[in-house]
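Asker: Given the structure of chain G, go ahead and fit chain C onto it with the hints provided.
If you read the protein sequences in the order shown, they are chains G and C.
Residue numbering for the first sequence is 18 to 175, as defined by the working numbering.
Residue numbering for the second sequence is 18 to 175, as defined by the working numbering.
No lab work stands behind these hints, which were simulated from the structure alone.
Please note that a few of the clues may not be correct.
Each pair may be met inside one copy or between any two copies, as identical chains are not told apart.
[What the hints assert, rightly or not] No farther apart than 20 Å at their CA atoms in a straight line, the calculated lysine to aspartate or glutamate pairs in the EDC-like style are these:
| no. | residue 1 | residue 2 |
| --- | --- | --- |
| 1 | Lys143 | Asp94 |
| 2 | Lys23 | Glu145 |
| 3 | Lys143 | Glu124 |
| 4 | Lys54 | Asp132 |
| 5 | Lys172 | Glu20 |
| 6 | Lys172 | Glu35 |
| 7 | Lys172 | Asp132 |
| 8 | Lys143 | Asp132 |
| 9 | Lys54 | Asp94 |
| 10 | Lys23 | Glu157 |
| 11 | Lys23 | Asp53 |
| 12 | Lys54 | Glu20 |
| 13 | Lys172 | Asp66 |
| 14 | Lys54 | Glu80 |
| 15 | Lys23 | Glu138 |
| 16 | Lys54 | Glu91 |
| 17 | Lys23 | Asp52 |
2 protein chains.
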Amino acid sequence: MTERQKGYLRQALVLAQENVRTGNGGPFGALIVQDDKVIAAATNRVIVDNDPTAHAEMVAIREACRVLGHFQIEGCDLYSSCEPCPMCLGAIYWARPRSYYFACTRESAASAGFDDAYIYEELHLKPEARRIPGHCVYMEMASAPFVEWAQSLQKIRY
Amino acid sequence: MTERQKGYLRQALVLAQENVRTGNGGPFGALIVQDDKVIAAATNRVIVDNDPTAHAEMVAIREACRVLGHFQIEGCDLYSSCEPCPMCLGAIYWARPRSYYFACTRESAASAGFDDAYIYEELHLKPEARRIPGHCVYMEMASAPFVEWAQSLQKIRY
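Just chain G, same shape as in the assembly (with noise of 0.2 Å):
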């Protein structure tokens, strides 16, 4: 890693530092970076927002993509304060970065009081086994949504 990168990463730090003071959401912060150029920065703002999806990382991606004009941020890379939870990571791969670093990790954040090592283990289970119960239900118009959008001859992957 460069010292350019570890810079970036400092910066991620520094943010999820100072969101502590604001009050706006939890101790992370991130960036995405492109061409070695910061084209997003954002720190958590659950609270701020009333928001449980405005994750720092879930923030800068929204943003870089707002700036980029488009749904996906490849070649980005992302830089964040902390090792991203599942809802993060998922956020990720249908964003498309590069790759991402991390400083602290998810044990880290459990220690803080976060659920990011909880959701994880939670994610290995089946739905139904879940903590918070998810039940799969037969209907039987269920594929018609996946039926007209394999006829649809406008529609835009992603």
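Answerer: Same frame as chain G, but now just chain C:
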């Protein structure tokens, strides 16, 4: 499952099917129900919003939180046309509804060309072994944000 609940799931499927015609995004719909009342209904908006995080469940959770003025939707149920992807499942854990119901599975989504099942598989790998690799980097100041969080008297847990 009651007829009323099946009706919610049917509504989610109708939203999903309609969304293909609007071109707003993928063939997915979701509802959030509190005390037998739909408080949020949404479709996938990835294309129209240029936002890879705008899955139907995410949009519905964010809308429900806006309606409730809180970052959690305790006691609510989520009805989704398809099994939530890891991103949406993570969001469910942060939003803490009571349970969720879905009609199609990750396998059906895969057949329709979506990455849900593939992302679930990637989650089982170590970060550095994933197709979008994640790198944990040692940083001297890594613990600073969590130390600040531990010491904060004004923090709101989520």
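Asker: Now tell me if each hint is right for this structure.
Answerer: Okay, the hints, checked on the actual structure:
In this assembly of identical chains, Lys143 and Asp94 lie within 20 Å of each other by CA distance solely across copies; the values are 18 Å between and 32 Å within a copy. Only between protomers do Lys23 and Glu145 lie at most 20 Å apart by alpha-carbon distance; the minimum there is 17 Å, versus 42 Å within a single protomer. Taking CA atoms no more than 20 Å apart as the test, Lys143 paired with Glu124 passes between copies only; the shortest distance there is 14 Å, against 23 Å inside one copy. With identical chains, the CA atoms of Lys54 and Asp132 are never at most 20 Å apart, being 32 Å at best within one copy and 29 Å at best between copies.
Neither within a single protomer nor between protomers do Lys172 and Glu20 lie at most 20 Å apart by alpha-carbon distance, with minima of 43 Å and 33 Å respectively. Only between protomers do Lys172 and Glu35 lie at most 20 Å apart by alpha-carbon distance; the minimum there is 13 Å, versus 42 Å within a single protomer. In this assembly of identical chains, Lys172 and Asp132 lie within 20 Å of each other by CA distance solely across copies; the values are 16 Å between and 37 Å within a copy. Taking identical chains as interchangeable, the C-alpha atoms of Lys143 and Asp132 lie at most 20 Å apart whether they share a chain (19 Å) or sit on different chains (19 Å).
Taking the shortest alpha-carbon separations for Lys54 and Asp94, only the intra-copy value of 10 Å comes in at or below 20 Å, while the best inter-copy value is 42 Å. Proximity of Lys23 and Glu157 under a CA criterion of 20 Å is satisfied inter-copy only: 11 Å between copies versus 53 Å inside one chain copy. With identical chains, the CA atoms of Lys23 and Asp53 are at most 20 Å apart within one copy only, with a shortest distance of 12 Å there and 51 Å across copies. Only within a single protomer do Lys54 and Glu20 lie at most 20 Å apart by alpha-carbon distance; the minimum there is 14 Å, versus 54 Å between protomers.
In this assembly of identical chains, the alpha carbons of Lys172 and Asp66 lie at most 20 Å apart only when taken from different copies (15 Å versus 32 Å within one copy). In this homomeric assembly, Lys54 and Glu80 come within 20 Å of each other (Cα to Cα) only inside a single copy, at 14 Å, whereas the closest approach across copies is 33 Å. With identical chains, the CA atoms of Lys23 and Glu138 are never at most 20 Å apart, being 30 Å at best within one copy and 30 Å at best between copies. Proximity of Lys54 and Glu91 under a CA criterion of 20 Å is satisfied intra-copy only: 14 Å inside one chain copy versus 40 Å between copies.
Only within a single protomer do Lys23 and Asp52 lie at most 20 Å apart by alpha-carbon distance; the minimum there is 15 Å, versus 49 Å between protomers.
In summary, the structure is inconsistent with hints 4, 5, 15 from the numbered list given earlier, while agreeing with the others.
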